[in-house]
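When you get a sec, could you build the whole thing from the sequences and use the hints?
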Amino acid sequence: MIAHRSIATLAPVLMAFSASGSFRLEYRYDLATIAGAIRTSAVTLNLDRNTQEIFVVGYGQVRVFNPAGMEVYRFGDDTALGTIYAVAALEDGDLLVLSYRDGKPSLLRCNFRGEVIEAVALAGVPEPYRGMGPNAMVYQDGRVYLADQMGMRVVVIEPSGKYLASYDLAELIGEAKERESLGLNGFGVDRDGSLLFTVAPLFKAFVVSPSGEVRSFGRPGSAPGNFGVVAGIGSDARGRYYVLDTLKCAVIVYDRELRFVGQFGSRGTAPGELVAPTSLAVVDNRVFVSQNGARGVAVYQVREE
Amino acid sequence: MLKTFLKLAAAGVVLVYGQAYAFHSGGVAECGGCHQMHDAASSSFLLIRADASSVCLSCHEHAGDTGPSSYHISTAATDLTPTAPPKQRTPGGDFAWLKRSYSDTGIGYNEPGDRHGHNIVAASSGYTADATNVTAPGGGAVLGSNLGCTSCHDQHSSIRRFDAAGTSWGRTGLPIAGSGSYDNSAPPLAGKTAVGTYRILRGGGVTGVSNDASVSGATFSSIFMAVAPSTYNRKEDVSETRVAYGLNTGAWCGTCHPNMHSGAGNYHPVDQAINGFSANYNAYVSSGIMTGTGATFTSLVPFNENTTDFTTLASHAKNGTVMAGPTANDQVSCMSCHRGHASGFSDMVRWQIENEFLTKADSLGNGFYCATDSPVSSGRCALGRTTVEVQAAYYDRPVSKLGIWQRSLCNKCHAKD
Numbered sequence: 094m095i096a097h098r099s100i101a102t103l104a105p106v107l108m109a110f111s112a113s114g115s116f117r118l119e120y121r122y123d124l125a126t127i128a129g130a131i132r133t134s135a136v137t138l139n140l141d142r143n144t145q146e147i148f149v150v151g152y153g154q155v156r157v158f159n160p161a162g163m164e165v166y167r168f169g170d171d172t173a174l175g176t177i178y179a180v181a182a183l184e185d186g187d188l189l190v191l192s193y194r195d196g197k198p199s200l201l202r203c204n205f206r207g208e209v210i211e212a213v214a215l216a217g218v219p220e221p222y223r224g225m226g227p228n229a230m231v232y233q234d235g236r237v238y239l240a241d242q243m244g245m246r247v248v249v250i251e252p253s254g255k256y257l258a259s260y261d262l263a264e265l266i267g268e269a270k271e272r273e274s275l276g277l278n279g280f281g282v283d284r285d286g287s288l289l290f291t292v293a294p295l296f297k298a299f300v301v302s303p304s305g306e307v308r309s310f311g312r313p314g315s316a317p318g319n320f321g322v323v324a325g326i327g328s329d330a331r332g333r334y335y336v337l338d339t340l341k342c343a344v345i346v347y348d349r350e351l352r353f354v355g356q357f358g359s360r361g362t363a364p365g366e367l368v369a370p371t372s373l374a375v376v377d378n379r380v381f382v383s384q385n386g387a388r389g390v391a392v393y394q395v396r397e398e
Numbered sequence: 004m005l006k007t008f009l010k011l012a013a014a015g016v017v018l019v020y021g022q023a024y025a026f027h028s029g030g031v032a033e034c035g036g037c038h039q040m041h042d043a044a045s046s047s048f049l050l051i052r053a054d055a056s057s058v059c060l061s062c063h064e065h066a067g068d069t070g071p072s073s074y075h076i077s078t079a080a081t082d083l084t085p086t087a088p089p090k091q092r093t094p095g096g097d098f099a100w101l102k103r104s105y106s107d108t109g110i111g112y113n114e115p116g117d118r119h120g121h122n123i124v125a126a127s128s129g130y131t132a133d134a135t136n137v138t139a140p141g142g143g144a145v146l147g148s149n150l151g152c153t154s155c156h157d158q159h160s161s162i163r164r165f166d167a168a169g170t171s172w173g174r175t176g177l178p179i180a181g182s183g184s185y186d187n188s189a190p191p192l193a194g195k196t197a198v199g200t201y202r203i204l205r206g207g208g209v210t211g212v213s214n215d216a217s218v219s220g221a222t223f224s225s226i227f228m229a230v231a232p233s234t235y236n237r238k239e240d241v242s243e244t245r246v247a248y249g250l251n252t253g254a255w256c257g258t259c260h261p262n263m264h265s266g267a268g269n270y271h272p273v274d275q276a277i278n279g280f281s282a283n284y285n286a287y288v289s290s291g292i293m294t295g296t297g298a299t300f301t302s303l304v305p306f307n308e309n310t311t312d313f314t315t316l317a318s319h320a321k322n323g324t325v326m327a328g329p330t331a332n333d334q335v336s337c338m339s340c341h342r343g344h345a346s347g348f349s350d351m352v353r354w355q356i357e358n359e360f361l362t363k364a365d366s367l368g369n370g371f372y373c374a375t376d377s378p379v380s381s382g383r384c385a386l387g388r389t390t391v392e393v394q395a396a397y398y399d400r401p402v403s404k405l406g407i408w409q410r411s412l413c414n415k416c417h418a419k420d
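So the protein sequences, as listed, match chains A and B. Per the numbering used here, residue 94 is the first one in the first sequence, and the count goes up by one each step. Per the numbering used here, residue 4 is the first one in the second sequence, and the count goes up by one each step.
Just so you know, these hints were derived from the structure itself, not from any lab. Just so it is clear, the structure is predicted and the values come from calculations on it, not from any experiment. Among the clues, some could well be false.
Claimed, not checked - Facing chain A, according to a computed beta carbon distance under 10 angstroms, are these residues of chain B, among others: (1) Glu33; (2) Gly35; (3) His38; (4) Ser61; (5) Gly67; (6) Thr69; (7) Gly70; (8) Pro71; (9) Ala80; (10) Thr86.
Said to hold, decoys possible - Okay, the calculated bits of chain A under chain B, using three or more residues with CB under 8 angstroms as the criterion: (11) 128-141; (12) 148-162; (13) 172-179; (14) 274-282; (15) 312-324; (16) 329-341.
The C-beta atom is built at its ideal place from N, Cα and C for all residues, glycine as well.
As structure tokens, this is what we get:
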């Protein structure tokens with residue numbers, strides 16, 4: 094049986110509260126293999142904006158899905174690369190793989206098959222970023238963003254490993270003393286190079302411009318637009334911010350001016366409903382949502398009247 | 004509620020108590036964090052997720068952690084691989100050890116994961132009921148199928164402590180201003196504020212605090228008195244993490260495991276004074292090395308202190324700096340050997356108890372953990388574990404922290420090695 098669902102028969106709008114009325118998310122399908130929808134839990138999602146392929150990272154391996162949502166390749170399951178945390182696709186088709194072995198991080202340049210070409214050595218990274226433990230990575234416009242979510246630090250390098258910039262996010266949001274108690278639950282990069290991240294204990298999402306200007310949004314509460322436990326974060330070409338809420342099982346959308354746009358989703362196992370979503374990726378008009386409870390990855394389409 | 008810095012002005016001195024950001028803040032948390040008033044996911048208590056423990060793990064488990072991370076007490080399944088053992092290092096232990104099974108077919112050894120801890124039921128995170136114990140071992144009546152985080156922790160905790168001495172408690176009377184769990188928690192303000200009980204654990208049995216019946220069927224008639232260091236989820240490769248346990252913590256465990264605490268069977272003493280064994284503890288460095296001079300505390304064998312004074316406990320809950328061992332009046336208890344959540348070893352013990360050696364050494368005296376990939380054969384003591392896994396179970400301690408040819412840490416008190 095083909096797991097892809099008919100868009101015509103199964104395209105429910107996520108249970109929505111839309112502040113603008115003209116914006117909504119429609120469920121389209123789950124990422125799948127020919128054997129059916131994948132049943133992963135809490136995997137990390139990375140995008141290749143050039144090919145619109147999506148990398149599903151978790152359980153020590155990388156699974157590659159084409160724009161139609163079908164798995165086309167996987168690598169890393171032989172543990173030769175260590176424990177993989179993130180993948181970034183470069184313009185030339187090579188991949189950067191962030192992995193750990195024996196507790197130590199490494200950045201590997203691989204070919205499109207996931208075969209190692211070389212280890213990337215970081216050069217010029219200042220203290221205290223030199224010893225940080227990155228667990229998230231985004232590639233955009235020649236810049237590799239390595240985020241240490243537990244340490245709340247980000248280093249930006251060239252694909253060659255040359256240091257470009259660094260950000261102490263805890264310091265920037267005035268919470269350096271509470272660094273160990275906070276951490277980032279979600280991390281992303283806007284198209285203009287702004288850093289996006291969520292901090293669950295603060296019930297907030299943050300936008301930090303390349304120059305270090307900080308904006309934040311969100312407050313605790315169950316009303317539409319308020320946050321429970323914030324997780325993944327991303328943005329679209331229109332500058333809208335998409336924030337996952339693990340507890341509310343919802344995607345909460347704000348516009349570029351940080352005005353609430355809408356809240357989409359509710360908990361459940363029916364098509365389009367969510368179970369404890371954790372990670373999110375946005376490409377063009379599609380929103381990919383990784384869930385817990387062996388619910389795999391659901392794909393939604395942005396609809397605007 | 005969230006930014007829990009409490010500033011106390013007294014005698015012209017401003018004391019600032021830094022404290023972890025606390026969703027719970029020592030008592031009941033924000034309602035909307037766990038319940039949804041309209042269109043809840045679960046018909047049970049309008050919970051946001053299918054079961055209570057899954058709600059807890061929404062915050063206390065985070066995929067993508069590369070190491071110990073603040074208040075996370077479970078490694079997400081997606082982060083567990085054959086080469087990546089559980090990552091959290093809280094004193095209670097990482098529940099993900101429940102998903103780690105070991106075997107050695109050569110000696111017919113099989114150690115299923117559910118032996119490693121309390122088998123909470125949390126559907127969203129893949130935790131299922133204990134496959135072996137239908138009810139709590141030790142004569143308990145609590146069903147394994149009902150076991151969850153809220154069996155022990157009270158998500159709506161109303162237990163409050165009114166004084167630093169730990170002598171005045173209640174369920175009402177003064178507002179809970181914050182957590183009472185940490186060495187840097189602000190103490191209660193006399194007549195104005197209270198603090199929460201340790202880890203919002205269930206309790207009862209003291210004046211003003213009625214016995215607490217959890218949804219899993221256990222009725223708690225004692226209070227678990229302890230203080231944790233503010234940084235408690237950490238590797239112990241360099242220094243020890245010291246939770247200061249107060250008197251009689253074993254009685255609390257005995258709620259569900261009554262015969263292990265005071266039953267008629269032949270059980271190791273619990274909540275009993277260490278007496279002369281304290282001399283062994285303080286002298287014991289490692290197997291055969293009894294040259295310690297009292298600064299030999301290890302979190303692999305903690306003990307109850309002979310006090311319920313929270314000022315004293317807080318002064319002892321210091322990582323790596325307070326290293327004094329027990330006095331004769333301090334107590335051995337459940338926590339001396341077991342972790343509260345889970346461990347990397349059978350029966351949620353803090354060290355390997357399935358054979359005589361924890362470590363071995365080569366012909367030159369270079370030590371290594373008993374593991375399948377050790378440089379020389381570990382013989383039967385590896386029990387299906389790699390060095391990475393064993394070291395993770397010992398909270399990243401190098402072999403040198405234990406010593407070579409180290410035998411069971413029962414000997415920390417008994418010194419038979």
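Which of the listed hints are not met by the structure?
Violated hints: none; all satisfied.
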